[in-house]
Amino acid sequence: MIIVQIILVPIIALVMGLLFMGLFRKMMARIQWRYGPPITQPLIDIIRMFSQKTVTHGFMFEAGLVLSLAGSIVVALFLPMGNITVFETGGLLVVLYLMLLGPLGIALSSGESGNPNSSIGISRKFLLALGYEVPMLLVLLAVMTHYNTISLAEIVRIQAYRGWSFGSFPLLLSGIAYFLILPAILGIRPFEIAGAAQEISSGPKAEYGGKFMAFSTLQHGLQEFIGLSLFVNLFLGGGDLFGLFGMYANTFLGNLLAIVVLLIKMLLVFAVGVCINAAFPRFRIEQALNYLWTWPSLFAFAGIVVIMITG
Amino acid sequence: MDRNQLVKWIKAPAKMGHKYSLHVVYFCTGCGIIEIPPSITARWDAERFGVIPVATPRQANLFLITGYVSTKTLKAIIRTYEQMPEPKYTVGFGSCPINGGMYWDSYNTIKKLDKYIPIDGWIAGCMPRPEAVFVAVTHLWTLIDKEMADGYKRYREKYDYYRANQEKVFGEMEWPPLYGKE
Amino acid sequence: MIMEELKSKLEKAFGSAKISSNYSNNLAIELDETQAISMLSYLKNLGYKHLALISCVDWIEDNQFELVYVLSAYMPSDDSYSEKEKLNIIVKTRISREEAKYISIIDIFENAEPYEREIHELFGIHFEGHPRLTPLFLVLKYDKPPFRKDFDTRQFVDDYFGNIPPVE
Amino acid sequence: MTLELLLIVAFGGAFLTYFLGKISGKLRNGFAVLNSLAVLVMTSFFYGMNIEKPVAFGFFDITFVLRMNMVSWFFAITIVGIGFLSIIYSLRYMQNKEKLDYYYFTTLFINASMLGTVLCGDLLSFFIFWEMMSWSTYLLISYRGNDRAVFAGIKYIIMSIIGSMVMLVGIISLYVNFGTLEITELATLIQLAPLGYTLFILILFSISFAVINAFWPFHTWLPDAHAEAVSPFSSILSAVLVRKGMYGLYLFMYMILGLDLLNKLRFGVISFNGVFCWIGAITIVFAALTALLQSDSKRILAWSTVGQGGYMILGVAFSTALGVAGGTFHILNHCIYIGLLFFVAGAIEYSTGGIRDLDSLGGLIKKMPVTFIGAIIGVSGLIGLPLTCGFVSKWMIYKTLILNGSPLLAFFAFLGTWGTILYGYKFIHNIFLGQLPEEHENVKEVPFSMQLPIIILSVLVILFGVLPGIPLKVVNVMDTYMGFESLNINLAGVVSETGALDTINIFMVILVVFVIVGLLFKAGRKSRKTDQYDNYAAGAAIPKGRYNYTVNFYNPLSTIIEKYLKDVVDAFYMKLTGFVTNVGDGIRKLYTGYVGNYIMYIVVFLAFLILIQLRWSVF
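Quick note, the sequences are listed as chains A, B, C and D, same order.
Under our numbering, read the first sequence as residues 1 to 311, first letter to last.
Under our numbering, read the second sequence as residues 1 to 182, first letter to last.
Under our numbering, read the third sequence as residues 1 to 168, first letter to last.
Under our numbering, read the fourth sequence as residues 1 to 619, first letter to last.
It should be emphasised that the hints constitute simulated quantities derived from the structure, not laboratory data.
Be careful, since some hints might not be right.
As the list claims (entries may be wrong) - In the BS3-like style, the derived pairs of lysine-lysine whose C-alpha atoms are separated by at most 30 Å in a straight line are: (1) Lys-367(D) / Lys-53(A); (2) Lys-18(C) / Lys-141(C); (3) Lys-529(D) / Lys-168(B); (4) Lys-367(D) / Lys-72(B); (5) Lys-149(C) / Lys-101(C).
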């Protein structure tokens, strides 16, 4: 049974990642009054990229990229999908540290490419990560202290009967803080600083050719899936719709429904993200840091203080 | 468009992939580049054909030579062409790359671009309109389908001729030959 | 009236200069090469500080190059576009075609540097006192500077690009 | 196989190498390696023994107590382990440097004195070994002899002397009050002492341990000491020597005072432990952000040593079973990967001819693969990536902080981790990745004797990351020895009802997924290898020496946080030293050398006394 889950969950995550990117381009096109490519365009791109013979700059150039995609898939395995969590050991702390593997892998491999555009891209990516980690850590700590557990699956189970944490008062502040930094986590327009195509010729991806570019797009899709799934699991009770499907609790149908509900919630949050992306120009890295360290951190800090007081 | 025919995808996914995802190198070689922005924005929208400008030649498989090619730009064009991953296609815009066009007797422009890098398709017109660009893209589809868009194969097989011609123009080249010792 | 006043002043200062004005707002001054430099600095002191352009004409029949300097005045601070700013002054001098050298005016107008480099590269006129007369545009090697009238471009194109064989 | 034999071998070996050095260099090097190997083997024999043995010492009958328990064994094994590796490392590293007898003697002497501090049972001998360690460290910090090294040495020795004097005051007051300096007796007697007095003693000792441990207010000597010390010594210095402060804190907080007395030291909200935790938190964040802005490879690692100390004190001072276990395990992990990183920095310095400035290096991965692997594993251990030992100890520390209701401390610790990622990647990127400058074209890999320590430590980092059970068993015994309930440890990590950690499980998942994705990657078309000059530069040629981005790598961040990171404490110390020199200068002017002035001083003073007597008839 667990073997099926181990194979199924990453596939769902990858497919959802591609769907997000396809949807992203379609919605952006629609907002800009044009037809835009079909939703399956990222898949077509990846098939084309896999068939291209390109250039490698050395061992780390390949190993880093493989590490980053593997790291993102492993994180997808550790996140609860509906009410199935394939691996639970170590809880949210392990998920937080595993989320480092993706960016670090990309950083190592594009650093090896010897192109200053990539180095500038990576230094911006890490600065942006430092920027949004301040409020994100406060938010995660607030949730963990509020539910007094470090296990993500536990948090989802508690939300099933205690109601979404986005509704309960102290976590509302943290939810707002997390939502304010969601564009930074997903890497979309206001915070598309690391992969800015015009300024630093797509940053870390500057030297990625055929299959490298395919792996990098897959990793980007997974990164968006992880950011959204974390938000939905922590704040929107991932996988349960006000207990409507309580009766099919742990049957096959129940799990399936939970997954579908989770994905729909993620799609809704992603749609809002795309609208933000369409409305904003790209920030400079100083503006991004100044923004991330003021408003979202304020909300997150208020949330954690309220939780420490009310317990 | 046979984009949704699953049978063709299963038989030859690489070919279909190349047809419906032509990423263009965003490199302004001549006066024709002014036609690219309108073709990728709202009015003509090249993205519905899967054509998107990308930042670096490494990520691209279509190279548009838009307009006359001066000797200085030829060096950059050859370098960019060699940096693109293998199945790559080039389309020449207007008459200047064909035979020098209006600058046929100029001391500084390249007359027949075909002598230096292989060109898969030409678009006539002294700066063709975006619709002509889409005609070129669809024409390229048929070429890819019939395996006739083999510019990169010609470049690999006859590389010494191309390299000799390039060296004739520039004298000594700054970078080593691409398919030197393989 | 600005023009007439200026014209009279110039005639007083430079007797031998032929001053004519073929448009309402420009003044053409033809000058001997020895006086051109002093005319330029004189005009600069008069307030025409903007050197718009230096160009060169190849009179191959009477075996001379003609250097053309175009001056105009900058808009004053209270940006009222008065009569004086509309006036363009064109100073022309003839230099002989054989030794083809002239004095650089960089110390009067600093922004003359690229213009003189370009004229040097394309016409082969050597400018004394120019800091770096290095090539600016051309990549290929030409026997004669390409803008000269006796440089036969068609001949050059045939034998330079002509003998490059097509790849078959 | 007794303790004093161990000490005799250690100290005897140090002196013997000095004299052997007079005979021949080869003999001295061989003997030094043999000696440190022997000490390592002998210490490992004492695993699990609890010995308490008074040893009569020669002159005027001081009883000199030797003590061995699991806590001292834990610290002893790290000392001799890193000592042995650094001796091997320095065989080739110090090859063409001068004063080698002096170097080997002081290194072995420092190792021996550290061993002494850990093995002694009474405070007097503890203080003697402590002093030996301090001034011999000064000898090695200023080994290079140029003025910056001497300045760093002086700065170190002043701060450590102040620390030792504070400790001496504590020892004397203990001796006066309790008549004995035996640790075991002290442990029983101090329970009866008034709370105020115990707090006073604890603060005194903690100040001296904080100085050697480079916590936030007393950290200023460490970055200078590391920038000047020789690489093999700076790995000893930051891996083990700095952690003597942690051993001291263990000795006092848990072995002498004991847990319940410690918890009684609480005045309303503020407790001794709480203050110490907050000092740790400030150390973490301050050091991590300062390390970001450095551009010298050794200085980055020095600031990281200061920062990682904060994690240890966070774990230890939080006094819950899991917290102390996490803190202790972090001491071991930090000792491993910071030693590894200093060996890597030394290897870079050795092969590029003494270059440590991060702005002029680059692309060394092609020339020095083994060092690169060591650096990658070291930095991932520093950050705490899941397959490395750093992760397990940080996981334990975070778990206690979060579940015991102090999320803000956990927040600062997390922030420190993200700062570590940034400067860890800067360390790797500026040295190994990017374009290889021409002058480093013929850089070769370091000789095997320098690669061996790097390989051993890298294997240890991964081994303890995947199978943390091995060291955790030792740490668990230490916990129970110090009065905490024992944790449920299995080979793969901590098992407890509030969220277990199973590192073997994580390792298997990552391995399997990595292999599958790797095969998928290999399935794609084979790509063509190119050199670094076939690169995208918008169609232009690559400017040979200038096509990299290394100079102030995190510039946008430094413009924001630079003004908050002025080292206020260091500036204060410098002003203090300036003031003291001025006062000294003033007093020196009194001694003008003419006898007449001195007589005048005496007369004036007598007149002053007479005036006092007449006025108030004091005498």
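Here's how the hints hold up against the structure:
A distance of roughly 27 Å separates the Cα atoms of Lys-367(D) and Lys-53(A); the hinted pair therefore holds under the 30 Å criterion. The suggested pairing of Lys-18(C) with Lys-141(C) is violated, with an alpha-carbon distance near 40 Å, which exceeds 30 Å. Between Lys-529(D) and Lys-168(B) the alpha-carbon distance is near 28 Å, which keeps this suggested pair within the 30 Å criterion. This hinted pair does not check out: Lys-367(D) and Lys-72(B) have alpha carbons roughly 36 Å apart, beyond 30 Å.
Using a Cα cut-off of 30 Å, the hinted pair Lys-149(C) and Lys-101(C) holds, with the two alpha carbons roughly 17 Å apart.
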